[in-house]
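> Residue numbers (this note's numbering), protein chains in the order written: chain B, 1 to 730; chain S, 1 to 80; chain P, 1 to 80; chain W, 1 to 225.
Any given hint could turn out to be false.
Claimed, not checked - Derived DSS-like pairs (lysine-lysine); straight-line CA-CA distance at most 25 Å:
1. S:78 / P:78
2. B:14 / B:498
3. P:77 / S:10
4. B:554 / B:573
5. B:685 / B:651
6. B:401 / B:60
7. P:10 / B:725
8. B:322 / W:34
9. P:59 / S:77
10. B:386 / B:367
11. W:23 / B:562
12. W:154 / P:10
13. S:10 / B:325
14. B:355 / B:296
15. P:31 / S:64
16. B:686 / B:612
17. W:23 / B:441
18. S:31 / P:78
19. W:23 / P:75
These are computed hints drawn from the structure, not numbers from a lab.
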Amino acid sequence: MSVTNDQIKLHGLKLEEYKKIKDLLGRESNLLELGIFSAMWNEHCSYKSSRIHLKKLPTKNEIVIQGPGENAGVIDIGDDDAIVFKIESHNHPSFIEPYQGAATGVGGILRDVFTMGARPIALMNSIHFGSPENSKTQNLLNGVVSGIGGYGNSVGIPTVGGEIKFNSTYNENILVNAMAIGHANKNKIFYSKAKGINKSVVYVGSKTGRDGIHGATMASAEFDENSDEKKPTVQVGDPFTEKLLLEACLELMKDNSIISIQDMGAAGLTSSSVEMASKGKLGIELDLNKVPCREKNMTPYEMMLSESQERMLLILEDDKEKEAKKIFDKWDLDFVVIGKTTDTNRLILNYDNKKVADIPIKALADKAPVYDRSWSKSKPIKNKVKVKDLKKIKIEDALIKILSSPNHSNKNWITDQYDQIVMCDTIQKSGGDSAVIRIHKKDKAIAVSVDSSANYCKADPKVGGKQIVCENWRNLISVGAKPLAITNCLNFGNPEKKEVMGEFVECLEGIKEACEFLNYPIVSGNVSFYNETNSKSIYPTPVIGGVGVIENLKKVIDINTKKTGNLILIIGKTIGHLDQSAFLQENFSIFDGPPPEINLTNEKNNGLAVLKLIKDNLVQSAHDISSGGILVSLAEMSMFSGLGLKIFKPKKLTNHIEYFFGEDQGRYLIEISPNNKSKVENILKKNNVFFDHVAEVQNDTFEIEKVLNLKIKDLHFYNNQWYKKYNGIN
Amino acid sequence: MKFEVTVTLKKDVLDPQGKVVSQTLKNIGIKNLTQVRQGKYFEIDVDEKDSSKAIDQVKEMCEKLLVNQIIEDFKIKKAG
Amino acid sequence: MKFEVTVTLKKDVLDPQGKVVSQTLKNIGIKNLTQVRQGKYFEIDVDEKDSSKAIDQVKEMCEKLLVNQIIEDFKIKKAG
Amino acid sequence: MKSSVIVFPGSNCDRDIAIALEKLQFKNSMVWHKETELPKSDLIVLPGGFSYGDYLRSGAIAAKSNILSEVVDAGKKGALVLGICNGFQILIECGLLKGALLRNSGLKFISKDIFVKVISNKNKFFNKYQSEEVLKLNIAHNEGNYFTNKEHLKELEDNDLIPIKYCNEKGEIDSNSNPNGSINNIAGIFNNNKNILGMMPHPERMSDKLLSSEDGLPLFLSLIN
Ligand SMILES: Nc1ncnc2c1ncn2[C@@H]1O[C@H](COP(=O)(O)OP(=O)(O)O)[C@@H](O)[C@H]1O
Ligand SMILES: [Mg+2]
Numbered sequence: 001m002s003v004t005n006d007q008i009k010l011h012g013l014k015l016e017e018y019k020k021i022k023d024l025l026g027r028e029s030n031l032l033e034l035g036i037f038s039a040m041w042n043e044h045c046s047y048k049s050s051r052i053h054l055k056k057l058p059t060k061n062e063i064v065i066q067g068p069g070e071n072a073g074v075i076d077i078g079d080d081d082a083i084v085f086k087i088e089s090h091n092h093p094s095f096i097e098p099y100q101g102a103a104t105g106v107g108g109i110l111r112d113v114f115t116m117g118a119r120p121i122a123l124m125n126s127i128h129f130g131s132p133e134n135s136k137t138q139n140l141l142n143g144v145v146s147g148i149g150g151y152g153n154s155v156g157i158p159t160v161g162g163e164i165k166f167n168s169t170y171n172e173n174i175l176v177n178a179m180a181i182g183h184a185n186k187n188k189i190f191y192s193k194a195k196g197i198n199k200s201v202v203y204v205g206s207k208t209g210r211d212g213i214h215g216a217t218m219a220s221a222e223f224d225e226n227s228d229e230k231k232p233t234v235q236v237g238d239p240f241t242e243k244l245l246l247e248a249c250l251e252l253m254k255d256n257s258i259i260s261i262q263d264m265g266a267a268g269l270t271s272s273s274v275e276m277a278s279k280g281k282l283g284i285e286l287d288l289n290k291v292p293c294r295e296k297n298m299t300p301y302e303m304m305l306s307e308s309q310e311r312m313l314l315i316l317e318d319d320k321e322k323e324a325k326k327i328f329d330k331w332d333l334d335f336v337v338i339g340k341t342t343d344t345n346r347l348i349l350n351y352d353n354k355k356v357a358d359i360p361i362k363a364l365a366d367k368a369p370v371y372d373r374s375w376s377k378s379k380p381i382k383n384k385v386k387v388k389d390l391k392k393i394k395i396e397d398a399l400i401k402i403l404s405s406p407n408h409s410n411k412n413w414i415t416d417q418y419d420q421i422v423m424c425d426t427i428q429k430s431g432g433d434s435a436v437i438r439i440h441k442k443d444k445a446i447a448v449s450v451d452s453s454a455n456y457c458k459a460d461p462k463v464g465g466k467q468i469v470c471e472n473w474r475n476l477i478s479v480g481a482k483p484l485a486i487t488n489c490l491n492f493g494n495p496e497k498k499e500v501m502g503e504f505v506e507c508l509e510g511i512k513e514a515c516e517f518l519n520y521p522i523v524s525g526n527v528s529f530y531n532e533t534n535s536k537s538i539y540p541t542p543v544i545g546g547v548g549v550i551e552n553l554k555k556v557i558d559i560n561t562k563k564t565g566n567l568i569l570i571i572g573k574t575i576g577h578l579d580q581s582a583f584l585q586e587n588f589s590i591f592d593g594p595p596p597e598i599n600l601t602n603e604k605n606n607g608l609a610v611l612k613l614i615k616d617n618l619v620q621s622a623h624d625i626s627s628g629g630i631l632v633s634l635a636e637m638s639m640f641s642g643l644g645l646k647i648f649k650p651k652k653l654t655n656h657i658e659y660f661f662g663e664d665q666g667r668y669l670i671e672i673s674p675n676n677k678s679k680v681e682n683i684l685k686k687n688n689v690f691f692d693h694v695a696e697v698q699n700d701t702f703e704i705e706k707v708l709n710l711k712i713k714d715l716h717f718y719n720n721q722w723y724k725k726y727n728g729i730n
Numbered sequence: 001m002k003f004e005v006t007v008t009l010k011k012d013v014l015d016p017q018g019k020v021v022s023q024t025l026k027n028i029g030i031k032n033l034t035q036v037r038q039g040k041y042f043e044i045d046v047d048e049k050d051s052s053k054a055i056d057q058v059k060e061m062c063e064k065l066l067v068n069q070i071i072e073d074f075k076i077k078k079a080g
Numbered sequence: 001m002k003f004e005v006t007v008t009l010k011k012d013v014l015d016p017q018g019k020v021v022s023q024t025l026k027n028i029g030i031k032n033l034t035q036v037r038q039g040k041y042f043e044i045d046v047d048e049k050d051s052s053k054a055i056d057q058v059k060e061m062c063e064k065l066l067v068n069q070i071i072e073d074f075k076i077k078k079a080g
Numbered sequence: 001m002k003s004s005v006i007v008f009p010g011s012n013c014d015r016d017i018a019i020a021l022e023k024l025q026f027k028n029s030m031v032w033h034k035e036t037e038l039p040k041s042d043l044i045v046l047p048g049g050f051s052y053g054d055y056l057r058s059g060a061i062a063a064k065s066n067i068l069s070e071v072v073d074a075g076k077k078g079a080l081v082l083g084i085c086n087g088f089q090i091l092i093e094c095g096l097l098k099g100a101l102l103r104n105s106g107l108k109f110i111s112k113d114i115f116v117k118v119i120s121n122k123n124k125f126f127n128k129y130q131s132e133e134v135l136k137l138n139i140a141h142n143e144g145n146y147f148t149n150k151e152h153l154k155e156l157e158d159n160d161l162i163p164i165k166y167c168n169e170k171g172e173i174d175s176n177s178n179p180n181g182s183i184n185n186i187a188g189i190f191n192n193n194k195n196i197l198g199m200m201p202h203p204e205r206m207s208d209k210l211l212s213s214e215d216g217l218p219l220f221l222s223l224i225n
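Assemble the whole structure, with the sequences as input and the hints as a guide.
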């Protein structure tokens with residue numbers, strides 16, 4: 001019984017691809033095998049369009065313990081401590097069912113981290129929605145936010161930060177990227193590579209139901225009017241079971257019974273078993289009658305393709321089953337031996353005493369198609385925007401407009417739905433430049449930040465790619481952390497389109513260049529293509545999640561200004577780049593022009609200088625300058641502390657609008673005591689860092705003489721309005 | 001006019017609550033229990049005398065807010 | 001044998017969910033709405049052929065776990 | 001002082017409370033819910049979290065666990081019992097405390113720093129605080145909207161059984177400073193003997209200066225006689 005052309009297409013495979021399958025099998029495939037191939041060969045699992053480009057990324061240096069290729073990246077932060085982290089997208093499922101889509105996204109990324117032997121210590125996310133006026137946005141926003149909170153809160157991992165952006169490019173295709181960060185002993189990291197023949201393959205966790213069958217295929221298909229019909233594939237998350245699974249796995253990991261462990265993520269049992277076997281260059285044989293099922297009469301096809309959540313596959317050392325089972329019994333979780341490793345190098349599935357599938361592992365993994373898709377060079381916008389009425393606008397009005405816009409409004413409405421404190425190691429919550437999480441019972445911490453700049457990337461993919469890496473680096477520096485490594489989630493449109501593929505290739509070039517220059521390797525990541533609806537692709541949106549280390553907890557810096565009379569210095573040169581700025585977007589609805597240039601030499605030099613000043617105890621608070629420019633960054637510092645600022649007018653740049661709202665890169669604001677002024681200036685001069693005095697801390701009033709005069713409570717008022725109004729809260 | 005609306009998870013959709021509830025019932029000694037599935041229940045009172053119009057209104061409420069039709073089904077019944 | 005159990009908050013107990021739900025329904029333009037009260041719904045399947053015994057079992061489940069009788073009432077119905 | 005922290009599947013503030021207790025030299029044991037015997041202890045803590053996923057009603061399923069009958073016995077005999085957040089919900093479900101914790105009035109999970117005012121310090125738990133003192137604590141819950149009938153409310157108010165109420169930074173108790181809709185801004189209550197306390201805010205989260213405040217520590221200090 002061979003498969004039909006229709007079935008092949010329904011599985012998202014091209015006819016040429018099926019031909020290749022036939023060659024690899026040496027025969028026609030049956031339906032079950034076709035399903036397995038489609039799951040393994042789709043974009044989401046095989047990275048067929050991105051693989052050759054991802055290879056170019058820098059992934060190694062002295063602190064990298066495990067780069068891309070495992071469930072998550074692992075870095076060394078000194079002593080015996082390792083940090084395990086990864087970011088992953090759940091865009092398509094979240095658009096269909098925002099609560100469950102976002103919740104299961106969080107669940108999936110947590111499993112990627114704890115499969116490696118790490119206790120998750122923090123969650124972050126990057127979420128992008130369409131314009132607030134779009135009729136779908138509010139519901140999606142509410143659903144995603146409560147889904148993220150609902151899952152993380154229940155498992156008891158603090159959600160400590162992230163970013164949220166609105167842009168009409170996401171009207172029909174939102175982005176939900178979740179990042180998890182875990183802590184492990186660097187000598188006790190667990191991997192997915194199988195070893196040894198005739199070892200037990202054990203299924204643990206929830207039972208298998210008919211959830212999300214073809215979910216992985218869905219993630220690789222663009223939406224159209226018929227997407228409604230794909231609805232039943234939504235998976236429902238069970239954070240309670242996740243918590244049990246987490247504790248049970250970590251308990252089992254205390255001794256040496258696990259040879260290999262792999263979560264069942266996209267393409268469930270299929271991808272987890274194939275991945276283990278493929279990495280170990282072994283075969284695997286499963287008895288599907290043993291798979292714990294939730295519903296009666298589930299078929300082998302359904303079992304192999306189900307994406308039921310909260311499940312794991314283990315390979316155990318001989319004679320360890322009994323002890324291991326005790327642990328899973330304690331936590332009320334299924335624990336069933338469903339197969340064994342073999343030396344056949346094949347995936348063999350048996351059901352009702354019949355062999356129902358028999359596929360060479362290589363055919364599913366190494367031999368999966370790899371495409372060098374054609375791409376066209378982007379045409380970066382070069383012409384600067386000319387705004388006639390630029391000087392007619394009042395600086396005070398422009399600031400208020402930006403502070404009260406959806407993209408710059410205070411995000412408490414969201415973050416108050418996330419438990420940010422549970423585990424009692426959160427030193428800095430969301431709202432500042434990076435979240436800071438203490439390493440449990442130690443005197444050190446890590447800092448984490450997640451960033452993206454879709455508008456910049458659209459205008460000039462390569463510059464945009466560089467810019468996000470740098471902005472992320474800056475955010476870590478601003479809290480006093482030494483940036484160590486990143487994970488990335490590459491959200492793009494349809495790779496079969498030349499322009500989209502071009503954006504991808506060029507963004508990646510920018511990312512690569514910046515990472516190499518800053519010695520900031522990429523240790524894990526995820527690619528999400530086909531973010532496209534009715535042939536309209538989203539703006540290229542690479543998201544960077546960076547991790548840094550703070551070796552001494554006394555040296556954590558935040559954006560809270562501390563004391564009246566203190567000085568605020570700006571580090572880095574201000575030219576006044578207004579194109580693509582929040583200023584032009586919020587005041588003139590102009591989304592044009594080139595993004596600000598990145599000078600990697602200055603970037604690194606400025607950052608390292610700030611870090612040195614922090615180490616020398618010369619900085620009392622710090623903030624990087626990003627969207628909105630100097631004035632918005634200063635306002636953010638004031639709103640945090642409740643202290644005002646007396647802001648000086650620029651000495652050189654005569655166009656005040658350009659000075660206060662320009663988005664030149666590589667800049668920071670630092671607060672110093674006047675007593676340390678000459679010391680700080682000397683260090684900066686010695687390191688060839690450009691700096692200037694921009695403001696002085698004072699009580700209560702945020703002002704520029706004769707230009708702007710606002711009370712801090714007014715700033716709060718404007719900054720706090722939007723979410724409340726949008727959600728009809730009084 | 002009063003209505004009773006029951007909202008249940010679609011068949012095959014995981015019901016984490018029902019699962020835990022039925023396990024707990026077994027643990028505290030309830031026998032013969034095959035399955036529990038948990039749903040929502042609404043009592044809705046509308047100020048409309050025409051019964052078919054009223055039902056339409058309740059249906060609209062379900063579709064617009066009360067029910068997540070991607071994973072849930074619903075039933076409307078006139079209250080005794 | 002299948003049963004449908006509805007659990008509702010007692011009359012004098014505040015129902016924050018019902019309140020917000022009915023406010024939201026009004027906000028999105030539903031007219032004539034007088035009141036919404038939200039409760040729980042269970043579908044319970046027991047392996048017992050004797051109908052009166054089965055009902056007793058379901059009642060026991062309600063009293064022992066499903067219902068907090070200080071604030072909630074319940075009704076049991078045999079499923080059609 | 002010996003303390004026991006009961007751990008349910010889904011508890012997630014058990015480690016946090018243990019650390020706060022150990023900081024004050026409590027000899028603490030963690031007790032798994034399947035145990036049938038409580039270690040001898042001066043204080044029994046039911047920690048925060050999502051026991052059994054908060055499914056059915058938060059706290060309802062944990063209230064049926066083996067160890068709870070021991071806790072109930074001990075509580076009735078006068079042992080000090082503290083239920084925080086999910087622990088408070090469990091105390092209500094097992095009948096040691098009266099009333100109900102309903103969904104937050106905004107129907108959203110709320111996690112943030114809030115203020116509470118010490119209404120009564122004449123008890124074992126709050127004697128190291130000043131009366132009327134304003135504390136900054138953290139809340140994180142879905143169902144913290146305390147409700148009870150008029151007679152019981154009067155009983156609580158008349159007998160000094162409400163040790164803390166939500167307020168603002170200045171100590172004003174009003175609807176704006178009520179995060180979840182609790183009746184009379186109640187943030188925690190006692191049983192009649194004042195040996196059993198249930199509270200929604202987390203004192204253990206405010207037991208480390210580096211993280212925020214130490215406003216929670218005197219609560220544990222109060223218990224050390
Ligand atoms: N953009 C990227 N940069 C670096 N590594 C990547 C990227 N995308 C994917 N990877 C790596 O490819 C591997 C497979 O990823 P994925 O299929 O998302 O894993 P999982 O099945 O665990 O979700 C992982 O090791 C991941 O870190
Ligand atoms: Mg994985």
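> Are the Cα positions of residue 78 of chain S and residue 78 of chain P separated by 25 Å at most?
Distance ~17 Å between residue 78 of chain S and residue 78 of chain P Cα, so the pair holds.
> Quickly compare the C-alpha distance for residue 355 of chain B and residue 296 of chain B to 25 Å and report which way the hint goes.
Holds, at about 21 Å.
> Just to be careful, I want the Cα atoms of residue 23 of chain W and residue 562 of chain B compared with a cutoff of 25 Å; is the pair within it?
Not satisfied, since the Cα-Cα distance of roughly 30 Å exceeds 25 Å.
> Residue 10 of chain S and residue 325 of chain B: Cα distance at most 25 Å?
Answer violated: residue 10 of chain S to residue 325 of chain B is near 33 Å, above 25 Å.
> Straight-line Cα separation of residue 59 of chain P and residue 77 of chain S no greater than 25 Å?
Satisfied, since the Cα-Cα distance of roughly 23 Å is no more than 25 Å.
> Does residue 573 of chain B lie within 25 Å of residue 554 of chain B when you go C-alpha to C-alpha?
Violated, at about 30 Å.
> Sort out whether residue 34 of chain W lies within 25 Å of residue 322 of chain B, counting only the CA atoms.
Holds - the C-alpha atoms of residue 34 of chain W and residue 322 of chain B are around 20 Å apart, at most 25 Å.
> Going straight from one Cα to the other, do residue 31 of chain S and residue 78 of chain P come out at no more than 25 Å?
holds (18 Å)
> Are the Cα atoms of residue 77 of chain P and residue 10 of chain S separated by 25 Å or less?
Judged against 25 Å, a Cα distance of about 21 Å means the pair holds.
> Taking only the CA atoms, is the gap from residue 23 of chain W to residue 441 of chain B under or equal to 25 Å?
Holds, because 12 Å separates the two Cα atoms, which is no more than 25 Å.
> For the pair supplied as a hint, residue 685 of chain B and residue 651 of chain B, is the alpha-carbon distance within the 25 Å limit?
Between residue 685 of chain B and residue 651 of chain B the Cα gap is close to 19 Å, so the pair holds against 25 Å.
> Would you check the hint for residue 23 of chain W and residue 75 of chain P, treating anything up to 25 Å between C-alpha atoms as holding?
violated (50 Å)
Figure legend: structure checked against the earlier numbered hints; hints not met, in rising order: 4, 6, 7, 10, 11, 13 and 19.
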